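Single-letter residue listing:
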Amino acid sequence: MTAELIVFSILALVAIATALGMLFSESAVYSALFLVLNFGTVAVFYILLNAPFIAMSQVSVYAGAIMVLFLFVIMLLGTGLLPATKALPWQKPLAFILALVLAGESVYLLFIRKATSGEIPQPVETFGSPHGVGQALFNLYLLPFEITSILLLVAMVGAIVLTQKEKKKESSDG
Amino acid sequence: MMFFFLVPWIVFFPVMGLLVNIVFGGRFSEKVIGTVASLASGLAFVVSVLLAYSVAQHPEAVAVFLAPWMHIGGLQLDWTFRVDSLSTTMMLVVSGVGTLIHIYAIGYMHEDVRFKSDPKRFARFFVFLNLFIAAMMILVSGDSYMMLFVGWEGVGLCSFLLIGFWYEMDTLGRSSWANSNAARKAFIVNRIGDFGFLIAGFLMFWKLGSFRFDQVFAAAPSADPAIIVAITLFMLIGVAGKSAQIPLYVWLPDAMAGPTPVSALIHAATMVSAGVYLITRSAPLYMLVPQAQYIVAMTGAVTALFAAMIAVGQYDIKKVLAYSTISQLGFMVAAVGMGAFTAGMFHLITHAFFKALLFLSAGSVILGMERGHHYLAHGSAHESHGHEEHHEEVRRTATEGSVEVFDPGDMRNMGGLRKTLPVTFWLYIIGTLALAGIFPFAGFWSKDEILAEASLTGFTAVYWLLVIAAFFTAFYMGRQIWMVFFGEPRHEAAAYAEESPKVITVPLMVLAALSILGGALNLPGIHTLTAWLEHTLTFIKPGEFVMSVALISTGLALLAIFISWLLYGRNPLKADQPDPLKKPLGFIFTGMENKWFVDEGYWAVIINPFVKISQFLADVIDQKFWHDWVHDTVIAGTYNWLSNIALNRYADEKGIDSFANWLGNATKNLSEAARKVQNGFVRTYALSVLLGVVLILGYLLLK
Amino acid sequence: MVDVTYYVVLSAILFTIGALGVLIRRNPLIIFMSIELMLNAANLAMVAFTRVRLVLEGQIFVFFVMTVAAAEVAVGLALLVAIFRTKHSINIDEMNSLKG
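Chains as they are written, first to last, in numbering that gives the first Met the number 0: chain A, 0 to 173; chain F, 0 to 702; chain D, 0 to 99.
Hints were generated in silico from the structure; no laboratory data involved. All values reported here derive from a predicted model rather than from experimental measurement. Heads up, some of the hints might be wrong.
What the hints assert, rightly or not - Here are some chain A residues pointing at chain D (derived, C-beta under 8 Å):
#, residue
1, L34
2, N49
3, I73
4, L75
5, A98
Note that CB positions come from ideal geometry on N, CA and C, so glycine has one too.
Turn these sequences into a full structure, and let the hints steer you where they fit.
And the structure:
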């Protein structure tokens, strides 16, 4: 029982708890906030895993931008509680069962494949640092990087177009 | 110089003549049509003469090949002409007498088509006449029984066409079935004879292996005699049909419904002698089977006497001559049956001369009576208008049944015609004397030879039958002469009768000359004809002249003429006076008058039952049973039931349709059920995705 | 470092919770958030493996995933807003126009 393991366990519990909280909370805002906490926890995990750059981008992009976006939209749409529904009564039980099965399968999958070696090598200092990631990103993966930028542009344009109010048709025409 | 190669022209000339008349007959005048036809026949005669000349130079038979016919396995038949003394004899008779009759017919038909009011039919007559000459030529010149049969059938057809020439009328011009019935009777009775001929032919091919004369005669001696008997007797049936012997003679008297030239040519001179020719040609076969010969001879003899007796009671001038023909044919058949082939052929030739003469003269008499009748109705018979109206009137009123129609052929209307028709009278006398067998006319020599052969060859029954028949022959011809030409006219038409024009009388004079001189063909001692025919029929011997036979026959003939004078000539009959023989002979005369009721017998025994049976078969068996029941009810009904009820309703509707409908319904139901998967809820879709993931993962894990 | 197995198990559990969220919740926003959770879980697994294998490609890939997730969220939320304008409701059960 190393200290790392304890830290890991506590953080893991927090992560799972926040995830469950997001799942089961009735208010959308509470769910969003729970998710923010979850993201933060995961960012800590990243740091533990020698991925500082990723951890920072997680916090800034995910927890910072995406969740803020979510909160904006929650604000727009209202957190009105949805009335209880009578449709699909079999959905919930079945979903639970399937989820459990999925979890079980995944765990089972893990434990039958015991091919990993025991020794975990130590990384270099610059492993996972912005310098290292940047090196790889701008040299080897330049093209996906550029395409990603186009993707973001498209997403922006798309978001604007989708939310545009429909213009009234012009009465004059040739 | 040999002319054998010319032999196909005896057929081709008449065929060309008939084709010209068929195509152009509508446009030519009557004289041209008649000339074309007579020329065709005349050229055939010229060729026959040349052929006879060639045969005289080269007596052995010559076969001239024209074209192949049938080559099927063992059957090798060709169109081959056989030129030998027998066939040239027949050719000469047919074309010679035929040409004379063609010329006569020009004049006769000119008047006849005007009496029957259809001048347009003139050309058709000559077409048929030429067709007859062509067919008869094929018959006599063929080299095989099949080619002979082609001609045999052809002359049968022409007989039908010509008897029924005025098919919509009867002999007196009234609208009726009579003529066409007579034509059909001739054809059907002939057909029965043809059946016999065909059976003989089939037997010949089956047992002797060929149809050709030379091959059949070569194979015959080594064949089973029973087969030869069968062949010859079946051929006799054919002869009985064509040459009017018992029991198939009944068509010939009815055939008098045709115009007189037809009666003369076909039913006196040529067609009816085809049977005699057949037996003569088959002489090698007949000589092998004396039993068959006896039957043939007896058939001929009995027919001769039977017909002669009927002739005594007839009142129509042509009917007397018809029965006379049957009787004389009986003589000929008896002769060839006894083996006296020369005598038979000799009598055939002389009979052709004097019977044609008699018939044509009778035609002249009838025309004379007609002219007289018209003179009575419209003044001079030279007026040409009014004929048609008068006959239309006759036809109309006759069908209404109110007017008694004048029959120009009825001897009871005639009398005293020797004054008004002198030329015809003398011609008729010559013909009668020839027929009765009075020395030195042609008939004496030929008939006498037959009687001599009969007495010498031991056919005693035949001899006596023929002698009695000869007696009757002279008697009825005498009766006819007295009734027609002597005494006073019994009807006004006879009083005003007019003589016929030269175109009619000149051919008759030629025939009269032949009737007088024809005996020279085979005078006893010289035997020209015997020698001539010996080239073909190698085994014949010259006939002997038996003085006693000649004296008996001549004496009987003169006696018969004397008796007829006693009855008919001394006290000529007055109008409406019954026949003097009626009272003395009583029922015998009634029998003679009514042809011994043979026709009535045939109708009662054969034809009516046949008609009844065929009606039964047609109406009941065919219509009710076969059509109505078997076809409609059984077959059609079953089929309908099968297709409609069994297949349609059960198989199709209940079986297949229900399956197809079930399939459709199942698909519909399935799709309705499957449609519910698309419930529109996104969550369900996500669930299904997860379900799929779980399943695939599970599958991969478990692998 | 803790054995990579624990990280992967954690990632699996987070993923399952995210999947459950997609299936159970009717608020589309919550569903979106669950989707983000799932993506996050995948990222976590990838980073863990990168640490074990010492190959940087995993982190690069995570970088791209994050970017794409951001774009996707933007567009998705825009869509949601547009739908809300017409339907005036964000009950995902009411968006069943594709019902067959």
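To see whether the hints hold, each was checked on the structure:
1. L34: holds, 5 Å
2. N49: holds, 5 Å
3. I73: holds, 6 Å
4. L75: holds, 6 Å
5. A98: Result: holds, 5 Å to nearest chain D Cβ.
Going down the numbered hints, you'll see the structure goes against none, and every one checks out.
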